[in-house]
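> Each chain, written out:
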Amino acid sequence: MRPDLMVVAGMVPRGSRVLDLGCGEGDLLEELIVARGCRGQGVEVSDEAFHACVARGIAVVQADIDEGLDFDDHAFDVVVLSQTLQAVRRPAPVLREVMRVGRVGIVSFPNFGHWRLRLALGARGRMPVSRTLPYRWYETPNIHLCTIRDFEDLAGAEGLRVGGRRLLGEDGRAAPAWAERRPNLLAAGAVYLLTR
Amino acid sequence: MGVSVGRVETQRAVLFTADRPLALDSGAVLAPVEVAYETYGRLDADRSNAIVVCHALTGDAHAAGHHGDPAKRGWWDSIIGPGRPLDTDRFFVVCSNLLGGCQGTTGPSSTDPATGRPYGLRFPLMTISDLVRVHRALIAHLGIERPLAAVGGSLGGMQALQWALDAPGELESAVVICASSRLSAQNIAFSAVAREAIMGDPDFHGGDYYEHGVRPDRGLATARMLAHITYLSEESMRRKFGRRLQDRETPRFGFDVDFQVESYLRHQGASFLRRFDANSYLYLTRVMDYFDAFADPVATARALEGTSTRFLVVSFDSDWRFDTAHSREIVRTLTTHGAPVTFREVASPFGHDSFLLDIPDYHRTVGTFLQHVHSTPAGVP
Numbered sequence: 001m002r003p004d005l006m007v008v009a010g011m012v013p014r015g016s017r018v019l020d021l022g023c024g025e026g027d028l029l030e031e032l033i034v035a036r037g038c039r040g041q042g043v044e045v046s047d048e049a050f051h052a053c054v055a056r057g058i059a060v061v062q063a064d065i066d067e068g069l070d071f072d073d074h075a076f077d078v079v080v081l082s083q084t085l086q087a088v089r090r091p092a093p094v095l096r097e098v099m100r101v102g103r104v105g106i107v108s109f110p111n112f113g114h115w116r117l118r119l120a121l122g123a124r125g126r127m128p129v130s131r132t133l134p135y136r137w138y139e140t141p142n143i144h145l146c147t148i149r150d151f152e153d154l155a156g157a158e159g160l161r162v163g164g165r166r167l168l169g170e171d172g173r174a175a176p177a178w179a180e181r182r183p184n185l186l187a188a189g190a191v192y193l194l195t196r
Numbered sequence: 001m002g003v004s005v006g007r008v009e010t011q012r013a014v015l016f017t018a019d020r021p022l023a024l025d026s027g028a029v030l031a032p033v034e035v036a037y038e039t040y041g042r043l044d045a046d047r048s049n050a051i052v053v054c055h056a057l058t059g060d061a062h063a064a065g066h067h068g069d070p071a072k073r074g075w076w077d078s079i080i081g082p083g084r085p086l087d088t089d090r091f092f093v094v095c096s097n098l099l100g101g102c103q104g105t106t107g108p109s110s111t112d113p114a115t116g117r118p119y120g121l122r123f124p125l126m127t128i129s130d131l132v133r134v135h136r137a138l139i140a141h142l143g144i145e146r147p148l149a150a151v152g153g154s155l156g157g158m159q160a161l162q163w164a165l166d167a168p169g170e171l172e173s174a175v176v177i178c179a180s181s182r183l184s185a186q187n188i189a190f191s192a193v194a195r196e197a198i199m200g201d202p203d204f205h206g207g208d209y210y211e212h213g214v215r216p217d218r219g220l221a222t223a224r225m226l227a228h229i230t231y232l233s234e235e236s237m238r239r240k241f242g243r244r245l246q247d248r249e250t251p252r253f254g255f256d257v258d259f260q261v262e263s264y265l266r267h268q269g270a271s272f273l274r275r276f277d278a279n280s281y282l283y284l285t286r287v288m289d290y291f292d293a294f295a296d297p298v299a300t301a302r303a304l305e306g307t308s309t310r311f312l313v314v315s316f317d318s319d320w321r322f323d324t325a326h327s328r329e330i331v332r333t334l335t336t337h338g339a340p341v342t343f344r345e346v347a348s349p350f351g352h353d354s355f356l357l358d359i360p361d362y363h364r365t366v367g368t369f370l371q372h373v374h375s376t377p378a379g380v381p
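These protein sequence lines are chains A and B, in that order.
Per the working numbering, the very first residue in the first sequence carries number 1; after that it's consecutive.
Per the working numbering, the very first residue in the second sequence carries number 1; after that it's consecutive.
These aren't lab readings, by the way, just hints derived from the structure by calculation.
Warning: the hint list may mix true and false statements.
Claimed, not checked - A few chain A residues facing chain B, derived, Cβ under 8 Å:
#, residue
1, 17
2, 39
3, 50
4, 56
5, 61
6, 68
7, 70
8, 144
9, 160
10, 183
11, 184
Glycine included, C-beta positions come from ideal geometry on N, C-alpha and C.
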């Protein structure tokens, strides 16, 4: 499993009812169900990832999360939006939907303020390609990149409280403690626990 | 994909008798109740590989294989057989004719033991739970405690859903295809017109046409023609018929069959008469009208909270009889109560009838889902 997903999994309470938006092939959900006693439900738009989930027995609804979520208010304890926010067409409404159907939201994204990306754009004048953002500009699924500061502004504007934050290094693992000094410059990504 | 199950025979069992009658939701009791059913594949030693197929409005027990003429296959032959999604090399598939039907199971055309005459409209009104009671009696009769799945499209999907609600945890899984948890006003309106056509036929005789030696054929054929329109999509009709005329170049300027689509509908109506009873049509459409699976929120919560039954819900994007919104409603309620749900809308140009067709993406979804349910005990993903 991707190391950043282990960080996300670590923030999900045991035994909770979890919705994973953009669940891919269900790696995170399988970890949560098998190792953490959660009840898991996925949403995934891609046909192949959908079939992969079905083949391994992950409950998955095929849907485009940009079109809103067909779930009742607070139907889930935790809604995970992992490395997906930057790929949706309308991040703010998606974030609102996350907080509508879940009591708690866990959102992770790559930090476009990371020094390596700033260097690529600022010094070299090139759209950055890195381990966390491995696509060239014309083939990237990421259309709404933001920095840690940008995201915190959005969360604040949406009236959300940050209940916890883990910074991620370039390898996707939890970043070393010194990154906390200048997160927007030193972290390659972040995972937020959001509450209302 | 795969081959057919080959030659099969319909079997019969008397599941309820005068000493042990069937108690219906309406309060009425019914006995005897005989059920026609077919089975395909072999039941495992531990009886854990049974899949119950629930048929739609006008289906019957003959779901797969043939009765002697290999060209005439059961109504769901495309999905049942060795190597097919309902893989008879792995699964023991059971399909029975519905209570209230007319193809071997007790229904309004059966003899009422109290009078010695066909029931007609004296047959009791039924609910989907009543249909499920009979399915459960049949699987008990076959020595099966926990079916791997109940699978059905349209009215069949409603039975699979109701089964999961009536007997929480009894099913390993429920596969609910192009169905609804409750009909819309538009759905009920179509049923109402169909019933008007039947009951307004001069040969209906208050449902006692059996004794008059006639049948309300015009009404029943009209009902079928109307229903058939709702089973196809606009696009599939355009592809199939367009505005082409039947056997001619120019219009006849009359009210006889002139367009190909008219001829097709007339054929559908006529061939339906050979296999279906008008009273059964009235009763089974009424069962659907009254269906409201999640009407009681307390019962729904009790049935679904912590259930071990896994759900697969499938809709088709061109189905306007029970469009995707109906399936989404089912998914929403199931997920609200924490039940694990797999759902997708499959692309198909063929409308409601898509569930009967060999659409690879649809078959792959059902087949993969059932394979996984079969390979893992409950609660393990």
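> Could you run down the list of hints and mark each one as holding or not?
Against the structure, the hints come out as follows:
1. 17: holds, 6 Å
2. 39: OK, holds: residue 39/A within 8 Å of chain B, min 6 Å.
3. 50: Holds - the Cβ of residue 50/A comes within 8 Å of chain B, reaching about 6 Å at its closest.
4. 56: At about 7 Å, which falls below the 8 Å cut-off, the nearest Cβ of chain B leaves the hint on residue 56/A intact, so it holds.
5. 61: Hint on residue 61/A: holds, closest Cβ of chain B at ~4 Å, below 8 Å.
6. 68: violated, 11 Å
7. 70: holds, 5 Å
8. 144: With a closest approach of 26 Å, the residue 144/A hint is violated.
9. 160: Cβ of residue 160/A sits 23 Å from chain B, so the hint is violated.
10. 183: At about 35 Å, which exceeds the 8 Å cut-off, the nearest Cβ of chain B leaves the hint on residue 183/A violated.
11. 184: violated, 37 Å
Going down the numbered hints, you'll see the structure goes against 6, 8, 9, 10 and 11, while the others check out.
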